[in-house]
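Listed below are the residues making up each chain.
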Amino acid sequence: EAGVTQFPSHSVIEKGQTVTLRCDPISGHDNLYWYRRVMGKEIKFLLHFVKESKQDESGMPNNRFLAERTGGTYSTLKVQPAELEDSGVYFCASSQYLMSPLHFGNGTRLTVT
Amino acid sequence: AQSVTQPDIHITVSEGASLELRCNYSYGATPYLFWYVQSPGQGLQLLLKYFSGDTLVQGIKGFEAEFKRSQSSFNLRKPSVHWSDAAEYFCAVGARGFNKFYFGSGTKLNVKP
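First to last, the protein sequences are chains A and B. Per our numbering: the first sequence = residues 54 to 166. Per our numbering: the second sequence = residues 17 to 129.
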């Protein structure tokens, strides 16, 4: 089976610009998560989708972040406008059932200058 | 509040030596526990998981972990480390009825020849 795919793998943008990250989960996985790791820190939860519905977005830092999951398939995470503290690695993960082990993508490394 | 602590940021061991990576958690419910490994440029890969039952669990690549409820710990072990084990290791905790996992800040393993 194809794994979780994230695009782009790297993005370098200037403060104030907009960036959109994309995640394609494993086919059939209803649960989709976004996590973020800021340099050397823990991997922090951002939000959780079940199909197209947001179940929990308690980890989203502020309203500059917007996540969508079109038709319960792929997901996008948009940062607008980007700030320096948004730099980090953004991971997408999916699972078939709640609390099943997560399947991770390779991450998108975002650098805001 | 839920949290995961990995006290060792970096560990260096010689090839062939034994390894133990520490993980302590704070969680109100009966935990589900996981260890993941991340090689450079890759996503996180599941090494092993504990849901219930035998507190000593076996994983891939010769790793094992032991759940000790009294110590709130889930330490990862390997009897003989190989150079290919050099990577970053993450402990994670979740629980039945919850929708998110909490991760530690990771332990980077370096293997000396």
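Since the hints were made in silico from the structure, they are not lab data. Among these hints, one or two may not hold up.
[What the hints assert, rightly or not] Coverage of chain B stretches by chain A, computed from C-beta distances (three or more under 8 Å per stretch; other residues unrestricted):
| id | stretch |
| --- | --- |
| 1 | 75-84 |
| 2 | 109-116 |
| 3 | 120-128 |
[As the list claims (entries may be wrong)] Cross-link-like lysine-lysine pairs, in silico, BS3-like; alpha carbons within 25 Å at most:
| id | chain 1 | residue 1 | chain 2 | residue 2 |
| --- | --- | --- | --- | --- |
| 4 | B | LYS77 | B | LYS65 |
| 5 | B | LYS77 | B | LYS128 |
| 6 | A | LYS94 | B | LYS65 |
| 7 | A | LYS94 | B | LYS124 |
| 8 | A | LYS68 | A | LYS104 |
| 9 | A | LYS68 | A | LYS94 |
| 10 | A | LYS107 | A | LYS131 |
| 11 | A | LYS97 | B | LYS65 |
| 12 | B | LYS128 | A | LYS97 |
| 13 | B | LYS124 | B | LYS77 |
| 14 | A | LYS94 | A | LYS131 |
| 15 | A | LYS131 | A | LYS68 |
Positions of the beta carbon are idealized from the N, C-alpha and C atoms, including for glycine.
Cross-check of the supplied hints:
1. Counting residues of the stretch 75-84 of chain B whose CB falls under 8 Å from any CB of chain A gives 0; the rule of at least 3 is not met.
2. Evaluation of the coverage hint for the stretch 109-116 of chain B: fulfilled, as 6 residues show C-beta separations to chain A shorter than 8 Å, against a requirement of three.
3. Coverage of a stretch by a chain is defined here by at least three residues with a beta carbon nearer than 8 Å to that chain's beta carbons; for the stretch 120-128 of chain B and chain A the count is 3, and the condition holds.
4. A C-alpha spacing of about 14 Å is found between LYS77(B) and LYS65(B), which places the hinted pair at or below 25 Å, so the restraint holds.
5. Taking the CA atoms of LYS77(B) and LYS128(B), the gap is near 18 Å; set against the 25 Å cutoff, the hint holds.
6. Between LYS94(A) and LYS65(B), the direct Cα distance comes to roughly 22 Å. Compliance with the 25 Å bound is thereby established for this hinted pair.
7. Annotation: proposed proximity of LYS94(A) to LYS124(B) holds, straight-line Cα distance about 12 Å (limit 25 Å).
8. Taken as a hint, the LYS68(A) and LYS104(A) pair is broken in the structure, with Cα atoms around 32 Å apart against an allowance of 25 Å.
9. A threshold of 25 Å between alpha carbons decides the hint, and for LYS68(A) with LYS94(A) the separation of about 22 Å falls inside it, so the pair holds.
10. For the suggested pair LYS107(A) and LYS131(A), the alpha carbons sit about 15 Å apart, so the restraint of at most 25 Å is met.
11. Annotation: proposed proximity of LYS97(A) to LYS65(B) holds, straight-line Cα distance about 19 Å (limit 25 Å).
12. Between LYS128(B) and LYS97(A) the CA atoms are separated by roughly 31 Å; this puts the pair beyond 25 Å, and the hint is violated.
13. For the hint linking LYS124(B) to LYS77(B), the alpha-carbon distance of about 17 Å falls within 25 Å, and the restraint holds.
14. At most 25 Å may separate the alpha-carbon atoms for a hinted pair to count; LYS94(A) and LYS131(A) meet this at roughly 22 Å.
15. Distance hint between LYS131(A) and LYS68(A) is fulfilled; the C-alpha atoms sit about 14 Å from each other, no more than 25 Å.
Of the numbered hints listed earlier, those contradicted by the structure are 1, 8 and 12.
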